[in-house]
Amino acid sequence: MRRAFLQLLAVLAVFTLFAAACGDDDESAAADAESECVLGRGVSDTEIKLGSSQPLTGNLAALGEATAFALNGHVDRINAAGGINGRMLSVVIQDDEFMPEKAVANGQYFIEREKVFAVWGSVGTAPTSAAIEIHDDAEMLTLFPFALNKDLIDVVAHPLYFSHAPPAYAQTKAWGKWLVNDFRPNEELRIGMMVINSADGEQTTQGFEASIAGDSLVDNQTWERDATTYGPQIVSFIGNEVTDVYLGTADTQYAQFIQEADQLGLEARLWGSSGTITDNVIALTGDLSEGVFGVGFVASSTADIPGIQGYRDLMFGQGADASHLGTASLIAYLSGLVVEEGLTQAGECLNNDTFVEAMESITDFDTGGITQPMTFTSENHLGNNSVVIFEVKGGAWTRIN
Amino acid sequence: MTENIQLIWQGLVSGFAYALVGLALVLIFKTARILNFAAGTMAGFAGFLAHWWAADKGLPFGVAVVLALLAVAAGTAVIEHLTVRPLLKQGFLPIVVVTLGLEVLLANVALRWWGGSAQRFSVPYEIDRTNFMIGGVRMNAWHIVIAITTFVVLAIVGYIVNRTDLGLSMRAFAEDQDAARLMGIRDATVSRVTWVLSASVGGVTGILMAPVLFLQQDYMNIIFIKGFVAAILGGFTSLSGGVFGGLLLGTLEAFAIKWAPRSLAAALPVVIVFIILLIRPRGLFTRAKSHSRV
Numbered sequence: 011m012r013r014a015f016l017q018l019l020a021v022l023a024v025f026t027l028f029a030a031a032c033g034d035d036d037e038s039a040a041a042d043a044e045s046e047c048v049l050g051r052g053v054s055d056t057e058i059k060l061g062s063s064q065p066l067t068g069n070l071a072a073l074g075e076a077t078a079f080a081l082n083g084h085v086d087r088i089n090a091a092g093g094i095n096g097r098m099l100s101v102v103i104q105d106d107e108f109m110p111e112k113a114v115a116n117g118q119y120f121i122e123r124e125k126v127f128a129v130w131g132s133v134g135t136a137p138t139s140a141a142i143e144i145h146d147d148a149e150m151l152t153l154f155p156f157a158l159n160k161d162l163i164d165v166v167a168h169p170l171y172f173s174h175a176p177p178a179y180a181q182t183k184a185w186g187k188w189l190v191n192d193f194r195p196n197e198e199l200r201i202g203m204m205v206i207n208s209a210d211g212e213q214t215t216q217g218f219e220a221s222i223a224g225d226s227l228v229d230n231q232t233w234e235r236d237a238t239t240y241g242p243q244i245v246s247f248i249g250n251e252v253t254d255v256y257l258g259t260a261d262t263q264y265a266q267f268i269q270e271a272d273q274l275g276l277e278a279r280l281w282g283s284s285g286t287i288t289d290n291v292i293a294l295t296g297d298l299s300e301g302v303f304g305v306g307f308v309a310s311s312t313a314d315i316p317g318i319q320g321y322r323d324l325m326f327g328q329g330a331d332a333s334h335l336g337t338a339s340l341i342a343y344l345s346g347l348v349v350e351e352g353l354t355q356a357g358e359c360l361n362n363d364t365f366v367e368a369m370e371s372i373t374d375f376d377t378g379g380i381t382q383p384m385t386f387t388s389e390n391h392l393g394n395n396s397v398v399i400f401e402v403k404g405g406a407w408t409r410i411n
Numbered sequence: 460m461t462e463n464i465q466l467i468w469q470g471l472v473s474g475f476a477y478a479l480v481g482l483a484l485v486l487i488f489k490t491a492r493i494l495n496f497a498a499g500t501m502a503g504f505a506g507f508l509a510h511w512w513a514a515d516k517g518l519p520f521g522v523a524v525v526l527a528l529l530a531v532a533a534g535t536a537v538i539e540h541l542t543v544r545p546l547l548k549q550g551f552l553p554i555v556v557v558t559l560g561l562e563v564l565l566a567n568v569a570l571r572w573w574g575g576s577a578q579r580f581s582v583p584y585e586i587d588r589t590n591f592m593i594g595g596v597r598m599n600a601w602h603i604v605i606a607i608t609t610f611v612v613l614a615i616v617g618y619i620v621n622r623t624d625l626g627l628s629m630r631a632f633a634e635d636q637d638a639a640r641l642m643g644i645r646d647a648t649v650s651r652v653t654w655v656l657s658a659s660v661g662g663v664t665g666i667l668m669a670p671v672l673f674l675q676q677d678y679m680n681i682i683f684i685k686g687f688v689a690a691i692l693g694g695f696t697s698l699s700g701g702v703f704g705g706l707l708l709g710t711l712e713a714f715a716i717k718w719a720p721r722s723l724a725a726a727l728p729v730v731i732v733f734i735i736l737l738i739r740p741r742g743l744f745t746r747a748k749s750h751s752r753v
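In order, the protein sequences belong to chains A and B. The first sequence stops at residue 411 when you use my numbering, and every number in between is there. The second sequence stops at residue 753 when you use my numbering, and every number in between is there.
Treat the hints with caution; some may be incorrect.
Simulated pairs of lysine to any residue, SDA-like, Cα-Cα distance not exceeding 25 Å [what the hints assert, rightly or not]:
(1) K112/A to V568/B
(2) K112/A to T558/B
(3) K403/A to T589/B
Derived from the structure by calculation, the hints contain no laboratory data.
Chain A extracted, bound-state conformation (with noise of 0.2 Å):
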């Protein structure tokens, strides 16, 4: 009896020990599982961090004014909406005067000090260009900056960064395809260029001499960035009798462009690049913005579109106004809606790897008909490639393509 009892006693102790053993397994199995998910940096439990450079002082100051409104009401809808994942989204906005070395400063500012998640919704070309070295070093995430240059959406060289802006090259390349091709099909055209003095401006210069129109360009001119006037530049235009006039420049430049070429006789179509595309731009020239051409990539911030109209009461429900609204503050506001939509199915465990899966596995992503349906992949991280042409008519600027 004494025997039966101790192999009892036996078999409960070693079905003991194996149970206790298997709800070990289960425990450490998800302490292991927790131990996995390694939250990025700037995110913590309930908030995740982000940074942005934007020219908040300085010539391009509109630009960045406008960009903040965009981007600190996304941060503040979608906290009130109760964050994503659990979390509270927060943005740091450092001003860097549209100058690169002062990017590449505040690059180091988020890296080191604010230990942000990801750099999102910068404005500039030349400071993101600038700035992208430190960011891929610490491995920290770009986020759809207004920034054209096409060596940046390389995946390869760039895998942390994401766009919805159509490199400058690429958008004139279409410009130049569409205006022998539909705009002035029978004309003989004779266009002048007017890019900034840099390799941005080189690639927005080449992207038109790639296009079947390259052959038309018969005037190609700089602007600097500490210009007064444009006049020399004008007078270059007149000399040639160009028919057209690229201008990769503001809108503040544009308006001045403009203003000049009005006041020099320039008789040519002229057409503003993406970034022109305000209604500052019609507000600084009045009357002689009737009749002007702007090449972008999104809609107008005036059309009767559901995107737009999200757009804009975003933006008035911050305490913008009408000047407020354009090309820039409009793309920050897209990248606002891709970046919730990244973050929020990377799930709990937001990290640079569940971040980049999440963004790569988004197709035909709805954005209200700003643009067309974007799509990511692990080969391109461009998520909208198409390029709209607008005029003003009767005071706005009107979609023509």
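Fit chain B to the known structure of chain A by using the hints.
This is chain B only, laid out in the frame that chain A set:
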């Protein structure tokens, strides 16, 4: 030929602004040996104030301009009294640091007050939209206003400096501050008048350039930098040198953009200035003193 004349005219229009800012900088440096790094922002304030009174408050344009210039002059007198004068005898560096601080302060005040967006500066009868041809050269009426105003300001400043007792005091102070004090010239008065005169010249420039560059927080900063180069070119102690330097720089820029290779266009005017200074380190219009102070 006509194209080159047109280029010269375009260069001169910018050059007039550089010349006026150069003049404003030289006025202070010549008299008190101070560089005012806030000159550009102070000039921009005049443009903003004139616009504010004319467009927002509905005052007649001329009244708004006069009020803006008076406000800038009065503000400068206060700034001079509070920040510059206490440091007058402390040497060059402390006052330069003060002007740098002022620049940052005023730039931020402008940003807070008027925002970062560019605004149109409307002038009466849309003069800036009126164009005409003279001898094959196309001209804008506001550019003519800039040219005429520049010559009027030069004449007024020239008269004050060369023909009045105040100007005599300024010149005496510029020549030898200690000797001027011994002769009974009050350095406080000279300092205040010089700053106010300089700020007024800058203010006129700010208003003249507002319709050209649009009102932006720091729209006069570029003009200030070019005016600074103009003043260096002229020798920094010669009023006429600063003016000529500005006109030369504006014209050089216009021709460099049109004719120089793209890679050199931005740097060429500065390179030319550099070469001139290598040949004449004192600037184009400053004579070497025949004697040294003991």
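Quick rundown of the hints versus the structure:
{"no.": "1", "hint": "K112/A to V568/B", "result": "22 Å, holds"}
{"no.": "2", "hint": "K112/A to T558/B", "result": "23 Å, holds"}
{"no.": "3", "hint": "K403/A to T589/B", "result": "23 Å, holds"}
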